[in-house]
Every structure is written in C-alpha cells, then in structure tokens.
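Colleague: Following the hints, put chains B, C, D, E, F, G, H, I and J with the ligands in place on chain A, whose structure we already have.
There are 10 protein chains.
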Amino acid sequence: MGSKPDVTLLGHAAAIPQAPEEAVLERVENPHVDTHYLARFTAPEFTSVCPVTGQPDFAHLVIDYVPDAWLVESKSLKLYLTSFRNHGAFHEDCTVTIGKRIADLIAPHYLRIGGYWYPRGGIPIDVFWQVGKCPEDVWLPDQGVAPYRGRG
Amino acid sequence: MGSKPDVTLLGHAAAIPQAPEEAVLERVENPHVDTHYLARFTAPEFTSVCPVTGQPDFAHLVIDYVPDAWLVESKSLKLYLTSFRNHGAFHEDCTVTIGKRIADLIAPHYLRIGGYWYPRGGIPIDVFWQVGKCPEDVWLPDQGVAPYRGRG
Amino acid sequence: MGSKPDVTLLGHAAAIPQAPEEAVLERVENPHVDTHYLARFTAPEFTSVCPVTGQPDFAHLVIDYVPDAWLVESKSLKLYLTSFRNHGAFHEDCTVTIGKRIADLIAPHYLRIGGYWYPRGGIPIDVFWQVGKCPEDVWLPDQGVAPYRGRG
Amino acid sequence: MGSKPDVTLLGHAAAIPQAPEEAVLERVENPHVDTHYLARFTAPEFTSVCPVTGQPDFAHLVIDYVPDAWLVESKSLKLYLTSFRNHGAFHEDCTVTIGKRIADLIAPHYLRIGGYWYPRGGIPIDVFWQVGKCPEDVWLPDQGVAPYRGRG
Amino acid sequence: MGSKPDVTLLGHAAAIPQAPEEAVLERVENPHVDTHYLARFTAPEFTSVCPVTGQPDFAHLVIDYVPDAWLVESKSLKLYLTSFRNHGAFHEDCTVTIGKRIADLIAPHYLRIGGYWYPRGGIPIDVFWQVGKCPEDVWLPDQGVAPYRGRG
Amino acid sequence: MGSKPDVTLLGHAAAIPQAPEEAVLERVENPHVDTHYLARFTAPEFTSVCPVTGQPDFAHLVIDYVPDAWLVESKSLKLYLTSFRNHGAFHEDCTVTIGKRIADLIAPHYLRIGGYWYPRGGIPIDVFWQVGKCPEDVWLPDQGVAPYRGRG
Amino acid sequence: MGSKPDVTLLGHAAAIPQAPEEAVLERVENPHVDTHYLARFTAPEFTSVCPVTGQPDFAHLVIDYVPDAWLVESKSLKLYLTSFRNHGAFHEDCTVTIGKRIADLIAPHYLRIGGYWYPRGGIPIDVFWQVGKCPEDVWLPDQGVAPYRGRG
Amino acid sequence: MGSKPDVTLLGHAAAIPQAPEEAVLERVENPHVDTHYLARFTAPEFTSVCPVTGQPDFAHLVIDYVPDAWLVESKSLKLYLTSFRNHGAFHEDCTVTIGKRIADLIAPHYLRIGGYWYPRGGIPIDVFWQVGKCPEDVWLPDQGVAPYRGRG
Amino acid sequence: MGSKPDVTLLGHAAAIPQAPEEAVLERVENPHVDTHYLARFTAPEFTSVCPVTGQPDFAHLVIDYVPDAWLVESKSLKLYLTSFRNHGAFHEDCTVTIGKRIADLIAPHYLRIGGYWYPRGGIPIDVFWQVGKCPEDVWLPDQGVAPYRGRG
Amino acid sequence: MGSKPDVTLLGHAAAIPQAPEEAVLERVENPHVDTHYLARFTAPEFTSVCPVTGQPDFAHLVIDYVPDAWLVESKSLKLYLTSFRNHGAFHEDCTVTIGKRIADLIAPHYLRIGGYWYPRGGIPIDVFWQVGKCPEDVWLPDQGVAPYRGRG
Ligand SMILES: [Ca+2]
Ligand SMILES: [Ca+2]
Ligand SMILES: [Ca+2]
Ligand SMILES: [Ca+2]
Ligand SMILES: [Ca+2]
Ligand SMILES: [Ca+2]
Ligand SMILES: [Ca+2]
Ligand SMILES: [Ca+2]
Ligand SMILES: [Ca+2]
Ligand SMILES: [Ca+2]
Ligand SMILES: [Ca+2]
Ligand SMILES: [Ca+2]
Ligand SMILES: [Ca+2]
Ligand SMILES: [Ca+2]
Ligand SMILES: [Ca+2]
Ligand SMILES: [Ca+2]
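Protein chains in written order, with my numbering: chain A, 15 to 166; chain B, 15 to 166; chain C, 15 to 166; chain D, 15 to 166; chain E, 15 to 166; chain F, 15 to 166; chain G, 15 to 166; chain H, 15 to 166; chain I, 15 to 166; chain J, 15 to 166.
Everything labelled a hint here was simulated from the structure, so no lab data went into it.
Incorrect hints may have been included.
To be verified - Restricting the straight-line Cα-Cα distance to at most 20 angstroms, the calculated cross-link-like pairs of lysine to aspartate or glutamate (EDC-like) are:
(1) B:Lys114 - H:Asp48
(2) D:Lys114 - E:Asp156
(3) H:Lys89 - H:Asp118
(4) F:Lys114 - I:Asp82
(5) G:Lys147 - C:Asp118
(6) D:Lys114 - E:Asp107
So here's chain A without its partners, still in its complex pose:
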C-alpha cells in the first residue's frame, strides 16, 4: 500500500488527444483484487458535437465499475473524455461507446455509465448502459443525479 504505480500520465504535463481514437486510456493494477468493490467517476464537464448540426453538446457523466485485475487510471480517463471535444456523435451513441471502450480495456466484473445530457429543444435525453453482471456481494448505490425540471 502506498508505493508509486507505473503509469505514464499522472504527475506530468500531457497533450490533449484530438479524437477518441488518439486517446490512450490507461489502467493500473487493482490493489485489492481479492475482494469486490465499486469505483465511481463523476465527470460533469463532458462535451462533444452534434453530428448533424455541428453544435456543441454537453453532458454530466457518471461511471460505476467493479474492477477485476485492473483499475482505470484517472488522468488518462480525463484525457480520453476530453478527446470528444470535437467529435460528432448522438447522445445515445456517445454514452454507450464510452462505456464499451472502458470495459474493453479493464475487463471489469461489471460497469455502468449514466449520461445526463443538457437540453436541446426543451427535451433532454438521459442514457443508462451497463455491461457484465454486478456480483451479488457488491453494493451499488444509485447515481442520484437530479432530474431535469425546466423552470419555476
């Protein structure tokens, strides 16, 4: 416990990748591989662009996973999410794609992603995806993001 892990991005300046394909998403060893637990990332600063109109879109993303051998390295996750800044994709597509990319890298027991998108035309979209089966002995709290409510 407490030794410095072998990662390439944490503690250094790093260039921002220009597209999701260019981003290097990294993993570190799970220090508690003998037990199940849940890690949650909350990313309220996600932005991409609409593939039809080119307008920017915004979302508040929450990612939960139960690691097996690997953890997501958090600085690389930040850079990966930042790489969507000029990328065009619909809300449903974008949310699920991010979930799949992370799951492919770390092969978790379980992963889910909630995408809470800002309104366009008055009717915002939320997207909820999960993969794997949450082990029975894991505690999985809800994400608790406030629903959209308009005004008043």
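Modeller: For chains B, C, D, E, F, G, H, I and J with the ligands alone, coordinates are given in the frame of chain A:
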C-alpha cells in the same frame, strides 16, 4: 368583510379568450384601501408562441403589486394569461406587456413582474420589470424562483 | 424570569371559538420591555372558506412583530386562527384582517404578516402586510417560505 | 459512429402538427442494437386541454425506454408532444395514449411513461404506465420528480 | 379518446358534504382497461378533528392505485376528502378508512394511501396502508414526501 | 370509528417520568385489526446523557411499526421518550432499548427504529434496528433522514 | 498567534452546571483587536423547560457577535447553554436572556441571537434580538435557518 | 408587438465562429424603450481553454442587463459564447471580456456578469463584474447560483 | 444498561497516532448481542495524501456495520482515521483498507464503507466496499450522500 | 488577453510548504485594472490543528476580493492554504490571519473572508472578516454557505 363581490367570472364557466386583446381583465374593490400591502400571483403555466418560428414557449410568471383602489380579480387574470396560448411575442416583450396591461387596469401604487422562461438553445432568458414606486412602508420579499442550472 | 404568567388558556382545555369575533386573543407582559426584539409565529395549518363558492381555502401564515408592552399569548393565537375554519373571506382580506387584529391588541412597535395561500385554479396568491415602523435597531430576517412552483 | 442519419425533421424548420393524429413520429436505427440500454426523455413543457371544460392542462412528462431495433427521433417526438396543444383528453388517458403511440412505433424491449400533472382543484394527478418487460440486465433509475407539496 | 364522460359533479357547482357518510364518491370508466397503470392523487389540504380534544388535525395525503374497470372521479374525491372537515377520528383510523372507502368503490387491482400528519406534541405520525396486490408489471414509484425534521 | 378511547394520559396534564423505568407506556386498541398497515412516529427532540462523561446527547428518532392488536398511545410515547432526559446510555444501546420496550408492549407484526444522533467529536452515529418480519403485503417507505454532512 | 490561552475549561473534564446562575461563562482575549470581524456560534442542541407545564422545550440557537477586547470561550459557552436543561422560561424570555448574559460578559461592539424553537401546538416561535450597533465595516450574513413548514 | 424582427441568425442554420473575434454579436430593437427592465441570460454550457496548460475550462455564466435602445439577439449570443471553445484566457479575464463585449454592442443602462467556474485544484473561482449604474427604478434579483461545496 | 465500559481512550486526552500502523483501534462489547442492528459512522473530515504527488486528498467517509460480539469504540475510530493525515494512498486503496482494518478487529456480521472523495482534475472518485453478508433481518438504509455536480 | 503570465508555480510540480511562514503567496497583474470586479475563491478543503489539544480542525473557506493592480495567483493560494495543515491556531485567529496575509500581498480595493468551521462539541463557529471599502459600483453577492443544522 366576507360579503360577495360584484364580479362577472368567478363561480361561473367562462369561455377562454382567443387573444390578449379579447380577454377581459377585471378588478374588484380593495377591501383594505386604508393600508399598504403586497399581493403576489404565481403562474407556472404560462405559454405563448415564438413570433419567428411559431414554436411554443413556456414561462413561470410571478406578479407582485401594491393595490390602491383596486385588486386584480384572479379568475379573469387566469383567463387573460391563458389568452396568450396562440399569441406570438418575444420573451422580453411578452413579459413587459403583461405587466403594463395589469398596471393600466388597476393603477397600483407599485407593480412588478418576473418572467422565468424555459430554455431555447440552452440559454434561458429571465425578464424583470416594475412600475411605480414601492411605498416605503411596504414589505417586498424576493420572488425566490430557482435559477436555471442545466444538468448534473 | 421563569414565574408563571397570568393567562386564562395555557395549561387548560379550551373550547374552540366558532368565529373570529368570538375568539379571545390574549396578551402577556413583555418580560424584556427595555429592549427591542422580534418574535415570529409560523402557522402552517390555517384554513378558512371562500365567500363566493364556500370551498375551503388553506394558507401557511407567518407573523413577525416587535413587542412594546405586550406579547401575544400563543395558545390564544392558536384558537383565534382556528376560529376562521368556517369563516368566509378572500385571501387578501383575510390576511390583512388577522394582522390588524393582533396589532390592535398588543400595539407593537411593528408587525407584519405573510400569507402564503394554496393554489386555486393554478395561480396561488401570497399576501404581505405590515404596520408600524420597524425600529432601526431591530433585526428582521426574511420569512424564507418557498415560492410555489407547480410540478417537475 | 458519427455518420449523419436519415431523418426528415432534424436540422430543418418543420410545421407544428395541429393534432396528435397529424403528427409524424419518426424513428432512427439504434446504433448499439447488440446491447441493452435505457434512454430517457424529459419533457417539462407538455400541455393539452380538458375535454369537459376546455381549460388548458399542463404536465411534466418523463419517458424511459429500452430500444430494440429503433430509437425515437427526438425532434419528431417534440413535434408530436406539441400536437396535443389543442387536444382534449383526461390526464390518465393522455399519458397512457402517448406511451402506447411511441411503443407502437419503435417496438422497444420496454417503455414506461410518468405524467406529473399540475394541480386542478388542489389535488394533482400523477400517472405511471409501462409496457414490455424490462430486461434483467438493464439499469432503470427512478425518475426522481419531486412530489407536489402545496405551500409552506 | 376525448369524449365527455358521464359524471355528475365535474363542471358544476356542488355543495360540500357535511360528513364522510354524506359524500358521494364517484367513478368513471377506465379508458385503458386493457393495460395496467398507476394513478396518484396528492392532497395536501386534508383536515379533520381530534375525537378526544376536538382540535383540528391536518394531513398531507397521497393515494396511489392501479385501476381495473374504474377510475376515481377527481372532483368527487375532492368533495369526499373535504367532508372530513368536522369529522372526529384518530390519524391511523382516518387514513385507513379513506383507503378502504375508495377501494370499495372502484375495486382496483391495488391501492395504497400515505397519510403524513402535522405534528401534535412534537411527534408527528405517518400512516401507510395498502390493499390488493400490485401487479408485477406495474411501476410503483415511492411517494417522496419529506420526513418531518423539527427545526434547524 | 370516532368514539373516545380508554386512555389515561391524553387530554390531561401528566407528570414527566424521571427515568425510563418509571414511565408508563400505554397502548390503545387497533381500530383496523383486520388489515396490515404501517404507523410511523418521528421524534426530533430526543435527549439522554453520556454514561461516561455525563454530557447531554441528542438524537432524531424515527419509529415504524405494523400493529397487530395494539397501537402505541402517542402521548405516553412522548412521556416515555422524555424520561431519558437524565438517563445515561450509549447511542447504540439507547436506540435498541427503546425499540425493544415498545415492541414488548404492543407485540407488533414488525417494528423498526432509526436513531440519528448529533455529532460528538465530528463523527456522528446512526443506529438502525428492527424486530419481527414485515408482512409481505405491507408498504414500508424509507425514513428519508438527511445524512450528516459537516459544513460547506 | 498560536500560543495557548489562559482558560480554565478547555482541555479538561468539567462538571455540568445545574442552572444558568451557576454556569461560569468565560472570555479569552481577542487576538485581532485591531480589526472588526464577526464570529458566529450555532447551537442546535438547546433545551429548557416550559415554566407553566414543565414540559421540555427545544431550540436551535445562532449567536453572532463582533468582538471588542474579548472573545467568548467556546467550551464555557457550551456549558452555559447546557445549564438551561432544567430551567423554566418562555421562548422569548430565554432567548433574550442568553443574549444579554453574553453581551454583559464580553461587551462586544455588536451581538445578535436567533432562537428557532420547535413547534408546540403547531405554531413554532422564532425570536430575534440584537444589541449594540453593528460597525459599518462589518460583514453580517443572514443566519439562513430554514423556516418551519409543517408536512408535505 | 409580435412583428418579425430584422435579424440574420434566428431561424436559420449558422456556422459556429472559430474565435471570439470572428463571432458576430447582434442586437435587436428594444420594444419597450420607454421603460426600464432587466433581462437575464443563463448559460450553463460555457467552455474555454487555459492559456498556460491548454486544458479545457468550464463555467456557468449569468448575464443581467437593463437595455436602452437595444436588446442582445439571443442566437448570436449563443454563437458568440460558443466561439470561446478553443480560446485561451484566465477565468477573471474571460468573464470580464465577455461583459465588455456585450456592453460595447448594446450600450445598456447597466450590465453585470457572474462567472461561476468549475474547480481546478479544488478551489474554484467565481468572477462578478458590472458596468453602468443600475437605474433606481429597476428590480435586480440576485443570481442565486449555488456556491461550490466539495463533497459530503 | 448504562454502566461505564472498559475502554482506554474515551474521557481522556490521547496523542494522535502518526500513521495508520500506530493507531490503536479499540472495540467494546455489544450490549445487544442477541439481536441484529446496524450502526453507521459518518466522517466528513477524512484527509490523506496522494502517493505520487504528495498533495493532500480529502474524503467524506460513511461506515455501516452489523455488529456481532463487538462494537467499534468511537474515539479510537476517530484517532485511527486521523492517523491517515500524512499517509500516502490512492482513493480506492485507502477506502478499502480502512474497511478491512475495522472488519478484522470486530468481525462483524456485515460491514460496508463508502468513500466520497473531493475532485482532483474535475472528476471525483467514489468508492464502495462491503464484506460479509448482511443478515436478512437487518435494515440497511442507503447512505444518501449527494453526488458531485460541478457548478451551476 | 491570452498571453502566458510570469508566475513560478502554475504548470509545474511544487513542494508543499511546511508552515504558513514558508509559503510563497504570489500575485499576477490584473488584466482589467481599468474596472472594478469581484473574484471569489472557494476552498472546502482547509485544515489546521487546535493549539490546545493538537486535534485537527477543518473549515470551508470563501474569499472575495476586488483587485486593484494585482490578482492572487491561484496555485500559490492553494499551497499557502495547504501550509496550515500542521499549524496550530484558533478558528477566529486563523481566519482573520489568512485574510490579512492576502490583503497585504495584493492591496485590493476590498477583501473579505468567510470561515465556516466543522463542529467541535456540537457548536460550530463561523468567522466573517473584511478589509477596505467595497467600491460602490461593485456587485458583491452573498456567499451562500449552508448553515450548520445538526441532524434530522
Ligand atoms: Ca435510492
Ligand atoms: Ca440514493
Ligand atoms: Ca430573500
Ligand atoms: Ca451543472
Ligand atoms: Ca435572507
Ligand atoms: Ca416546472
Ligand atoms: Ca433513486
Ligand atoms: Ca405544506
Ligand atoms: Ca425513489
Ligand atoms: Ca434538527
Ligand atoms: Ca425512497
Ligand atoms: Ca463538505
Ligand atoms: Ca443571504
Ligand atoms: Ca435573493
Ligand atoms: Ca433510500
Ligand atoms: Ca442572496
């Protein structure tokens, strides 16, 4: 106190006016004309249409006033607000116009209107207008409408 | 400090007055007549009836005052407010009348009443009245009642 | 991922349909048909009219679904909901009818709709309907709409 | 959809019944008898009296049900609830009695009532009752009423 | 329904018991013994003392139960809880002891108690205890007490 | 800065005073006597007894002051407030008395106290008192205590 | 009231400007130039980049102004704000620069901007700027944005 | 009930341990070993340091457990948590390690820990771990910590 | 606008200073010295130690200032605040000292600091200090930190 006032709409079925110009906004005598006080109407169900695109717009309106000789009759107010349902006007215009119409009818010591509009294109507009001078001995609480905050 | 005051209602069973005129509103001596302070009563259980339709109305009332020689005796206040249960009056009238009655009894330096009424027809009314001049050395916090917001 | 889909309404001006029957509700291909996920639409700007009195009604609608081959196209959904503006139906009926129409178009694995209506006469109605069976591997958060609470 | 139903109270003035026994609770045909859904009434304006002391009591009631052949007609429900205004019953009794009366009239698949009572002596009572079995394919959100919390 | 029950404390002045052992906890007949329902008491004014330091402790208690033949009489409950004012016990012990005492008196189908204690040393304790098995046909909402969060 | 002050209670066990008159309220030197600032104590655990009925009362107290030569020593303040546990006084009296006692000891430029009492009979009382004149260069935020709101 | 104004962007597709200098900020005639009122824009989707590290920054912006001859055209405002997407500037600089640009265009009686930035390194910055003098007869509500509070 | 337990730290001054290894975590006998219940500790003041950068980290921790023979002694828990002040560990590691240490000491039926960490780089991490199987007759409320939401 | 400023800490790793005296607090040129505006820093992660007991203390700090020639450099501010981690000072002293240090460095038109401390012994302290005179043309929103409220 307690006698039935002379109004034409309260307690009867009334047809919905088809435009603001057709609406009959009524007034009743102020039963406490010897003192200053503030009355507040909260109307979370306002809707009109955009004069350029024809799309419906929605707003949460709050109207405060200090009556002199007259009160606004509340059922006629409801019908008046309902008459904007197919009326085209920008947010700033619509809000101020409503305030002026009421003030013209009842000649209050003071009146203000807050229009809290639902987002269009991600950037909602709020409009705040007042007329007359709030008497120094009146207590004027803020309207307390929650600011727009997007998601998350 | 701490001696038992001379009041007729506190600590006994008391019949509920059938109309505001029958209610006995009592006062007790202000134990700190040498200084200015503010007392606030919050009454979320007020009910009266509409003078036109006979339907029950409901309000959340908040009463603030700066006592001079007298305090309002709280049990008699409760009975007085309860006496409106079958009384017909409009919202504006009812709120101001209660404020005046209390002020007449205790002759405070200052008194205000906020009446926050439940919606009828979707557009609730709030009424704010005050009397006297709040002494400059008094601290008068706002009443903080949440504005009406409909749904969502 | 990221190619422009084949839809008729997004990115163009579109006339507002005058009745639900005239509205064209569109669908687009689900880009992630190999997996289950939930999409949520939140529509705080719904309005229709009472079939008995002709008065406008308002609701905050939330629609959740698990797509199979199709997604709901969001601009056509907005136009479809807007088409109820002059349509008469009771709250229970209106809410369920919308749910059925969407389900008929896209044949989802699962769909539910929550209709949170503004008060009429002081007692608002909420309506909750669902169809299909939510797949076991789907994550279905609650809709989190605040209950009606009157005043105070 | 949209035809005017056959009810006696909606759209007319109606006398307020003087006791629960005198109230006429009405039902209308369920327009979607082919499917299960949940309807919720929220009544924040309930009042009755204490059978021992004669003091008024207040409650916020929430009623959920899954209709079979019948819906509760909402105006008659309002009048029924209003009829408790001078009726004496304990909190537990009153809440359950209302639930039973409605269930007897409409024979729903399922019904529940939550009674959230205002404090007496500093310790408020909430009462939760249900009848029937909620069909497995029904979505039943929690009622979300804020717990009592005293001050601070 | 509505007859006056046979209890010794309600409607009279009653001396405050000086210790839990001296308190008389009373029960009344359950008027709806033919059905299952849940009653909840919320007591935000509980206080006892620390058995080691003698310092006062404070808690917000919430008690849920499903009555069988008996209800808890609420005035005697208030007096029982008040009797802990000078009683020394740890948080865990005190909470469970209260739950057991009530359960012994009324033999409910099910009872649970949540004790939400004020912080001592920055780390407050909550205690959750239950007894019996909640009947399957009972609706048991969560207690919804806000978690402690420090400052900010 | 940082030297240990000369106080008798902090860092030691101290007996709880049995009445306000027995409590020793202490002061420490103000380390920043060259400037004006505001200190606020928040005491959500205050309890005393009703002088008429002997029932316990509870309050959430907030005390703001601008020190001159002295600060209130916080442990002695806690013991002083605890000494009201068996003391009888009305809400208005109790709140003002505490404010005066502290002001007498430390002779502040300015002091105010807000007493937010738990409900008795459904109508809680708040008391607001201040003494001295708040220097113009002091920043005095409001106390932000939530108003009482009953249920729902 | 209601005629279509002469603007170039509303109701058409418009290319997103690549830098603030390229953005065309437009104005429309104030339809109520005879009176003072306040318009508020809320923009929760602002993003720019750090001039030192190149990392994206995010802010929630609120802009209030009292128009003289001109209103800000809202679609051009959206495009102008979007043009900061790849622009480097510190928080203080960026916020004030936006305020100045708008004020230069429309020469309002008064304008203010609040920039509420997302945290970097755990200590977020808010920036508040205003220009002109708010006319005495204008009502200027506070912006009500929640302060940052970390976790818990 | 109420006898003084045999612990070494409560009621005395105690030196702060300089590292987790030096901290003495103590246990006391469970006074209700005949029944299952849940105890919750909430610790909003946790701080450790990043093992790579040496920067301080902060978390709000919530620990739930069902005791068997032993309770955690709360003062020793506070000292144990304080011992992480200069200790380096990643968020996931630190949270799980604390949970394991407590579980090793008291061998509970069940234990879980939620670590809600303050943001670093805009994307905070939450960690949820549990051990043992929560007995079926235990009531386990969710921890209710607000999700991170950025600004606005 | 947008050029890289001359600072020593931003964009580099920097050692954490071991005491406030060792911390280098830096300033950068104000890019908008021609106008008045307010900058706010929110620091929810402050910690120091009690000078009497050696126990850690925690606070949520909010700092507002109106710059003249200089801005506070934010990374150096973070390091300065971190340097209190092992420093002993009372709450009142610590808060005012930080305010003075910043004001000495940047000689602002105006500065204020709010220190919101976590509870010790159940009665938390807040400290509010300001220096200079806020220019009349500056907009100074309140800090909006939630008051402490105990439990329930
Ligand atoms: Ca939950
Ligand atoms: Ca939850
Ligand atoms: Ca206010
Ligand atoms: Ca946000
Ligand atoms: Ca205020
Ligand atoms: Ca709304
Ligand atoms: Ca939930
Ligand atoms: Ca209420
Ligand atoms: Ca729920
Ligand atoms: Ca409380
Ligand atoms: Ca719940
Ligand atoms: Ca916090
Ligand atoms: Ca304030
Ligand atoms: Ca305000
Ligand atoms: Ca829950
Ligand atoms: Ca404010």
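Colleague: Each of the hints needs a verdict: does it hold here or not?
Modeller: Hints versus structure:
no.: 1; hint: B:Lys114 - H:Asp48; result: 12 angstroms, holds
no.: 2; hint: D:Lys114 - E:Asp156; result: 24 angstroms, violated
no.: 3; hint: H:Lys89 - H:Asp118; result: 18 angstroms, holds
no.: 4; hint: F:Lys114 - I:Asp82; result: 18 angstroms, holds
no.: 5; hint: G:Lys147 - C:Asp118; result: 30 angstroms, violated
no.: 6; hint: D:Lys114 - E:Asp107; result: 39 angstroms, violated
Against the hints set out earlier in the document, violations occur for numbers 2, 5, 6.
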